[in-house]
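Protein chains: 2
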Amino acid sequence: MEDIVGALAAIISTICWLPQTIKTWRTRETKDLSLPANLLILASVALWLIYGILLGAWPMIVANIVAVTLVGAIVTAKLKFG
Amino acid sequence: MEDIVGALAAIISTICWLPQTIKTWRTRETKDLSLPANLLILASVALWLIYGILLGAWPMIVANIVAVTLVGAIVTAKLKFG
Chain U
7 MEDIVGALAA
17 IISTICWLPQ
27 TIKTWRTRET
37 KDLSLPANLL
47 ILASVALWLI
57 YGILLGAWPM
67 IVANIVAVTL
77 VGAIVTAKLK
87 FG
Chain V
7 MEDIVGALAA
17 IISTICWLPQ
27 TIKTWRTRET
37 KDLSLPANLL
47 ILASVALWLI
57 YGILLGAWPM
67 IVANIVAVTL
77 VGAIVTAKLK
87 FG
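Residue numbers (the numbering used here), protein chains in the order written: chain U, 7 to 88; chain V, 7 to 88.
Calculated from the structure, these hints are not laboratory results.
Identical copies carry no separate label here, and so any pair may be met within one copy or between two of them.
Once the Cα atoms are required to be at most 25 Å apart in a straight line, the calculated DSS-like pairs of lysine-lysine come out as:
{"hint": "1", "residue 1": "Lys-86", "residue 2": "Lys-29"}
{"hint": "2", "residue 1": "Lys-37", "residue 2": "Lys-86"}
{"hint": "3", "residue 1": "Lys-37", "residue 2": "Lys-84"}
Using the sequences plus the hints, can you model the full thing?
Structural data, given as structure tokens:
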């Protein structure tokens, strides 16, 4: 039971940024996005990635490489388009 | 070493939503926020909360109660202010 819940949580955590990344790069509108929030989110997924590497936990590594990429793209858009 | 990285990741993951929640409720501007993304984020932190409860892991429980509250407030604002 907890394995199913954990796996589902991990999958959704990995893909949840995708609609925001697509929307932000399609519209180039970032006014309502908080830069501090997105920088903190980027820091947190980067730290989870490092943590996964330290533990050798490949599902964490894969999930957080995807998350760093997607959140990094949102932060880049915010810095680029204001 | 991995304990420090993990603890730091957990702390930042817990508070990272706060600037977005404050910004969104202060400005009431949600146009640039993706509703599907925020619903998926809410689903993911809710599932991590359930996972924490199933494992009896109190740091996960506390962190994800905070996250559900903050992300829930962002989703509420998006639904309310469009």
